[in-house]
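Asker: What follows is the residue order along each chain.
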Amino acid sequence: MKFSYYPGCTLHSTGAEYDQSVRAVCHTLGIELVEIPGWGCCGATSAHSVNELLAYALPAHTITNATEEAIAAPCAACYNRLRYTDVNLRENASLRAEVEKALDRPYRAGVAVRHLLDIIANDVPGEEIQAKLQGTLGGLKVVCYYGCLLTRPKKVAAFDDMEEPRSMDRLMQLCGAEVLDWPHRVVCCGAAFSLSRTDIVRHMTGKLLTSALRAGAEAVVVACPMCQSNLDLRQPAILKERGVRERVPAVYFTQLLGLALGHSAKALGFRKIMVDTSSLLARVEAGREAPAEAEG
Amino acid sequence: MARIGVFVCWCGANIASTVDVESVAEAASRLPGVAFATDYKYMCSDPGQKAILEAAQEHRLDGLVVAACSPRMHEPTFRQVAAEAGINPFRMQMANIREHCSWVHADREEATAKALDAIRMMVARVAQSEPLEPIKVPVTRRALVIGGGVAGIQAALDVADGGVETILVERTPSIGGKMAGLDETFPTLDCSQCILTPKMVDASRSEFIKLYTYCEVEKVDGSVGNFKVTLRKKAKYVNHELCNGCGDCFHKCPYKKIPSEFDYGVGNRTAIYVPFPQAVPNKPVIDRETCVFFKTGKCRACEKVCLRNAIDFEQEDEFEEIDVGAIIVATGYDILEPAEMAEFRYGAIPDVITGLQFERMSSASGPTEGKIVRPSDGEEPKVVVFVHCVGSRDENYKEYCSKICCMYNAKHAIILKHRIHDAQAYLFYIDVRAGGKGYEEFWKRACVEEGAEYLRGRVSRLYDENGKVIVEGQDTLSGEQVEVVADLVVLATAMVPAKGTEEMARILGVSTDKDGFFNEAHPKLRPVDTATGGIFLAGACQAPKDIPESVAQGSAAAAKALGLLTKEEITREPTVAVVDPFICTGCWNCVTVCPFGAPEKSEITMTIDGRKVTRPVSEINEGKCEGCGLCVASCPGNCIDQRGFSDDQVYAELGGYLERLRAALTHE
Amino acid sequence: MDAEYYKLSAENAAGLFERARADYDVVAKTRDANGNLVYGRPVSFEDVAFVDEQPPMSAKAFALPQNETLVRYERGGGEIRAETPEAPARDLLLFGVNVCDAAAFDIIDRVFQWDYLDDPYLARRERTTQLALACTALQRDCFCNRISYAEDGVDAVAYPREGHYLVKIQTDNGRRLVERYRNLFAEADGDPETEITSFLEKAGTAKREPLLETAQSGLAGAFEHADWEILASTCIGCGICTYTCPTCHCFDIQDEGGYVGGRRLRTWDHCTGRTFTAMPAHQPRDRQYKRYRQRLLHKFWYYPERFGPVLCTGCGRCITHCPVKINIKELVEYFGGLSDAPPGGRRHAP
Amino acid sequence: MATIREELQAAVRRLFEDDKIDYFLGYVDDYGHTFPAILTKDSDLSGLTFDRKSYNNLAAFLPELRGSRLGLICKQCEVRTLNVLAAEEQLEREKLVVVGVPCPAMIDPRKLSADEAELGSDDPALWQEKCRRCLERNTPTADLFVGEKISTPTPAEGWPLLEEVEAKPAEEREAWWREQMSLCIRCYACRLACPLCYCHQCFVEDNKPQWLDKSVGAENNLHYHIIRAIHLAGRCIECQECSRVCPVGIPVDVLNNVLSRDFASRFGYASGETAETKPALVAYERDDPEDFIL
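Protein chains in written order, with the numbering used here: chain A, 1 to 296; chain B, 297 to 964; chain C, 965 to 1314; chain D, 1315 to 1608.
Next comes chain A alone, as it looks inside the complex (with noise of 0.2 Å):
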């Protein structure tokens, strides 16, 4: 399997970890990814408040320099912006043809837009990862965390089911971990307001720490650098405000399958995680010298 890789800005910066920890699990899977030539910005949230033009643009520019037949992004929200305007650039050839004039050179339509998690949980079998894993999470409690950009809206980017995706889950559990049922899988963090609005922030990621700790979970999984760094950067002025003593990690869900892979936590960059994770790890340890039993 081959993917033209496209890391956005957040992968390159403050998500180090979540690219450290795609490309160790990709390889080890046999997961091909040739980054883009080139590649800009996704257009994410200032571009399609600012220049719906541009908002297309962009995304179309870093599409059509793709070198292979499908793109796999780790980010939700390059995803969902990448994958917006596929769709509408397919639908409506009057943008396309406008969007191309931005461009100076045609539009590649035909290049499969694919989120990460989409391509390990649904490409690669579940037997094939299973016989890779080199320990289990050891019954890691964790919920996983899809945000909202992931699954929504259903014409243009459902992989999964909208409202209760399971792709995540079914993924933690081949690895060993205890998956949670807990109701705020695709609720939103407060995205881009971390910078303008941080009460909504603080409002929004509260309810979503205090959900999980509710549930039981040690570790919150996550697919996306916007929503890990709400839960992660914000969470101990938000859970101080909220009068809640306990912390709950906000991991991504590469960094969890990297560790039942057999990649070590510094190669992960689990140590970028501001909340504490050596219990987590302490855990997985703990596991990963159990006789691999993961379940099916």
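I should point out that these hints are in silico values taken from the structure, not numbers from a laboratory.
Fair warning: there could be bad hints in the mix.
Which chain D residues stay away from chain B? Per the calculated CB distances, all over 10 Å, these [what the hints assert, rightly or not]:
1) ARG1319
2) ARG1327
3) TYR1345
4) PHE1459
5) LYS1463
6) PRO1467
7) LEU1475
8) ARG1492
9) ASP1527
10) GLY1531
11) ALA1532
12) PRO1565
13) VAL1572
14) SER1579
15) GLU1587
16) ALA1589
Straight-line Cα separation of at most 30 Å, DSSO-like style, residue types lysine-lysine; simulated pairs [as the list claims (entries may be wrong)]:
17) LYS908/B <-> LYS1522/D
18) LYS495/B <-> LYS506/B
19) LYS515/B <-> LYS1592/D
20) LYS908/B <-> LYS1254/C
21) LYS1334/D <-> LYS1254/C
22) LYS897/B <-> LYS1522/D
23) LYS795/B <-> LYS155/A
24) LYS548/B <-> LYS667/B
25) LYS1254/C <-> LYS1409/D
26) LYS1367/D <-> LYS1409/D
27) LYS897/B <-> LYS524/B
Where is the CB? At the ideal position from N, CA and C, for every residue including glycine.
Using the hints provided, position chains B, C and D relative to the given structure of chain A.
Answerer: Frame of chain A, contents of chains B, C and D only:
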């Protein structure tokens, strides 16, 4: 050469103000095959018709073209005139120069030319048309009603009232349908059972109605006037001839914890059961799936206690073939399974219920005897959230409006207030649709008099926290996100076609719409007909409906059925497909594509070179053909023609259209 | 006339071609865009194919085209104008065509001037000159050696010799050709008839008894023969044999067009087809083998009975191109009593 | 070891002796050709054979013999013909004895020089196009297999002419087809050799209304071939008889198979895979949208 008369109508000013009718008539008189042409103010009026009759005689006409309005309007009128004039009615065609011409154009010159085009086309077509005779089919004077809900019951009662034998088939153990389980009904708050049960009893007692409960339609053959229907009478394991409905059996049944279908799981039933105390027939059946005797071979408690020896474990499904002339389909609705919509966490949170479950709870004859409680702990709820449009008006689930939810949510809010005076109802709505008589006043009453809190916005998510249900949603009037901490949440889930509707459609050979409801023949003018002759629709199987609408449709379908069944024989349009057996290869593509089952597999034996050769061919059952033309189009060998729309006629018609172009090319 | 003999050197053959192109519409064997051999109008001598092989379509179309407009009409300005296409503007020279193709014209001329003079056909024929080229060897499916008529009516036949052609002139028309380009031709020396006879012997095209003409009386008694059904039922009723045949000449008259304008035309038709004569009446032969039998008997019984020659030059196209390889020669022999065993089995007796 | 000729003759003789069939459809050779023959129990079977010139798809003769019990030789590539005919209700399968043979690949008569010396050659360059891509040379689904099973060589990829035509820009492609069609003499051999063109009356024969002028010409010829191709769309099984029989060498099979490829790529559909595979254009599912029927 044909002798066709052309009659151009002014339709008052409707046509004449845009089309130069006089010059059109003058030009028409010079067309090949036209023996006479004239114009008149109102062709459909008595003098107009007389003019046609006189011209037909004077000019020995053998075909008519009436250039006037849509054939939907007056085709029967002018066919009648043709018949009176001794001209085959199918050699009369209407050129629609009103809807297709004067009403949609402003340019007088262009409209006039187009009117003449239309006439030229019809003249060419009439010149090519064969005289046709209507097809006559004798009628079996018996009706079948499928589905014993209120629509089906009403339809059966009305057909029976016309003195026609009616067979009412219901697949559950009792008639009554969804309505039998409702509490009070909007907007009058009269008790549902009080108004329905007398009708149920009437249906069971009518000398003209044969009631088949626990029975399903297996197969339908034949066509309008003469259907052959196979019924599967499911084994009840109770001999209803012997049973007197004393109820000893189900009181003794040791298995009492089976979720009751009638109560939507709010209450329980036994393995041998009557679905509800007022059931008709009020005699039990044994549910083979849950009866322990069928699982283990032990128990027979009901058999032991039955003094009339009515229990019969040996019973098997029986099949019965009946002949009927008309079928009324009233198979009703189900609700969209709310568990499919994960955001409402139905099933995961016990205090999230559906509107139908609320009905059973608030019904005095229901499992809680009218007491509204939280399923989780049996406590009285003080804060109840009602969610409108759960799965309806939602592009992710069902795009249509389920129509009745606004009203029953208001009703539930009122009932809540009546039963628990200090309770508070919150209703999340998109907008309130209250279009029926007394409906607007009713929801206003809930809002103003009963203090229900209406929040204009949708619910995004439910979750449980500390024994309460947190309802997150939006109030679009204030622009705020709201959060209600509720004791009970009631979901107004979308109405969907009853389970098995698709299969029923296949059996009946009628079509369904994109949402799976049965398709009516015309959304406005033939709302209770299907495209298949002799099959009619009543109630929510056609679209979401409330009780008055369902009843009205039941009566309407009955009237349509009676109209058919009171005739000795019916005549059908002769514009049916016809196969040329000499060139038919018997590939039976037509059999595959026909939605009405009209082409039938047949054989032809020919003597070729002294040798008898038998070949498969297709043959059209004229009684079933609806004249849609699908078989004509799908026939690879062009062996099927449609009477009245033959290739020759269509070709000629096209030629008539092209004439103006030809004239332009040749400067004539 | 008595035959005359000339020598045409290879060099002068090229000169003849070039000079004739100025005076005639010259048709010769050449290759089309797909590389297939056809009768066409090569523009230079190099493009002319001098091979024994026959193009799939015979030269008949140059006198009897597959579509021939008989009358054309046009409507406009309130009147209808009709016109008959004019006769061909140029003389036609069939240069180096196979003898079997050239010979066919004389055979079918008889039907086109029998009781009704077919003007369009005869106009073309009058302006046609044939300079045929004799084959060096009999091809797989050919049987001109079994038909006596093959070359009598051909204007001129060229026999390839070492470095030159021996040209035999058989008609006045042929003599006119030689006279026109007299300086290119030399008198033949020696005994040309003997030379030709030995050429034919060597090529295998010399006439061999019993000639198929003698099958006529046998065929007359075999109409009801039971084997027709078995042997001719593989015929699929396509028109290949008749369309490629140099002597088949059945046609249909069709009107095309409509109100604005159109034409009446003659198109080839064929008796082996399901719809032959269906327009004016019906196809009287209800099974395919009967239609095939009709074609065979027409060629070898009815036509010679009425017009003299058999309606066949033995070119063998109908065998080569037949999708099911029905062999008319073998069937004539079998049903005409010249052979005892039907085709398809005799060579492999157990 | 018995030759295929001997084995076939013995097998067919047995079928007649055991009164299993009334007719046998096979190939016989004589006068330098191999050609189809209809044999009865009284026929001389000595010509019966199967060789590299046994081109014809014998299923084309089934309508002529309808009603009789038949044996016929069927190459594996032609089995799909029987499946399509069965799916279209044209086959009395129970009256048929399908005789399978090991197929040595058919020689393309157009690639063969006059002396036919290469007839024994195993050079795929001399084979018919379909034989280059042959997936199975024996007939595993036959009722009766005659001869020694042979191995199937690795099939060639692609179809050079078809791909060359497809690669042309649309206008050039149209011009190319028009040129090819201008050669057509409308003998209709392509239609008549095609086992799936079994209509009792072809649209070209209709005259009331007359869909197509009788005169030949690029336009009319193209009209004929396109309509035939559309009638075969999703049905053609690539026996290539249309192309082989064409006296003027038009690659009719290419036209039909461009459509087959479309069916394969758009519907994932190959005609005649089983006797139940309905032709794609009349395959009908309950959930097909039918909003247009009022």
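Asker: Could you run down the list of hints and mark each one as holding or not?
Answerer: Results of checking the hints against the structure:
The beta carbon of ARG1319/D sits about 32 Å from the closest Cβ of chain B, which is more than 10 Å, so the claim that it is off the interface holds. Distance check for ARG1327/D against chain B: the nearest CB is about 25 Å away, which clears 10 Å, and the non-interface claim stands. Separation of TYR1345/D from chain B is adequate, the least Cβ-Cβ distance of about 28 Å exceeding the 10 Å criterion. With a least CB separation of 30 Å from chain B, PHE1459/D remains clear of the 10 Å interface cut-off, as annotated.
For LYS1463/D, the requirement that its beta carbon stay farther than 10 Å from each beta carbon of chain B is met, with the minimum near 35 Å. No Cβ of chain B comes within 10 Å of the Cβ of PRO1467/D; the nearest lies about 37 Å off, and the non-interface call holds. The non-interface label for LEU1475/D is consistent with chain B: the shortest C-beta to C-beta separation is roughly 28 Å, beyond 10 Å. Every CB of chain B lies more than 10 Å from the CB of ARG1492/D, the least distance being 25 Å, so the non-interface label holds.
At roughly 15 Å from the closest C-beta of chain B, the C-beta of ASP1527/D stays outside 10 Å, upholding its exclusion from the interface. The non-interface label for GLY1531/D is consistent with chain B: the shortest C-beta to C-beta separation is roughly 21 Å, beyond 10 Å. Here ALA1532/D stays apart from chain B, with its beta-carbon at least about 23 Å from theirs, past the 10 Å limit. Residue placement check: PRO1565/D keeps its beta carbon more than 10 Å from all beta carbons of chain B (closest about 24 Å).
Under the 10 Å C-beta cut-off, the non-interface status given to VAL1572/D relative to chain B holds; the minimum distance is some 20 Å. No beta-carbon of chain B is positioned within 10 Å of the beta-carbon of SER1579/D; the least distance is around 23 Å. Annotated as non-interface, GLU1587/D keeps its C-beta farther than 10 Å from every C-beta of chain B; the closest such distance is 18 Å. With a least beta-carbon separation of about 14 Å from chain B, ALA1589/D lies farther than 10 Å from that chain, consistent with its non-interface assignment.
Between LYS908/B and LYS1522/D the alpha-carbon distance is near 29 Å, which keeps this suggested pair within the 30 Å criterion. As the CA atoms of LYS495/B and LYS506/B are separated by approximately 14 Å, the hinted pair is consistent with the 30 Å bound. Pair hint LYS515/B plus LYS1592/D holds up; C-alpha atoms about 24 Å apart against a cutoff of 30 Å. Restraint check for LYS908/B and LYS1254/C: satisfied, since their Cα atoms lie roughly 17 Å apart, inside the 30 Å limit.
For a cut-off of 30 Å, the pair hint linking LYS1334/D to LYS1254/C stands: about 28 Å separates their Cα positions. In summary, the hint linking LYS897/B to LYS1522/D is supported, as the alpha carbons are separated by about 27 Å, within the 30 Å threshold. Under the criterion of a C-alpha separation no larger than 30 Å, the hint pairing LYS795/B with LYS155/A is consistent with the structure, at around 27 Å. At most 30 Å may separate the alpha-carbon atoms for a hinted pair to count; LYS548/B and LYS667/B meet this at roughly 26 Å.
Only pairs whose Cα atoms come within 30 Å are accepted, and LYS1254/C paired with LYS1409/D is accepted, the gap being roughly 26 Å. Note on LYS1367/D and LYS1409/D: the hinted pairing holds, with a Cα-Cα distance of about 27 Å set against a maximum of 30 Å. Simply put, LYS897/B and LYS524/B have alpha-carbon atoms about 18 Å apart, close enough for the 30 Å limit, and the pair holds.
The earlier numbered hints are all upheld by this structure, with none contradicted.
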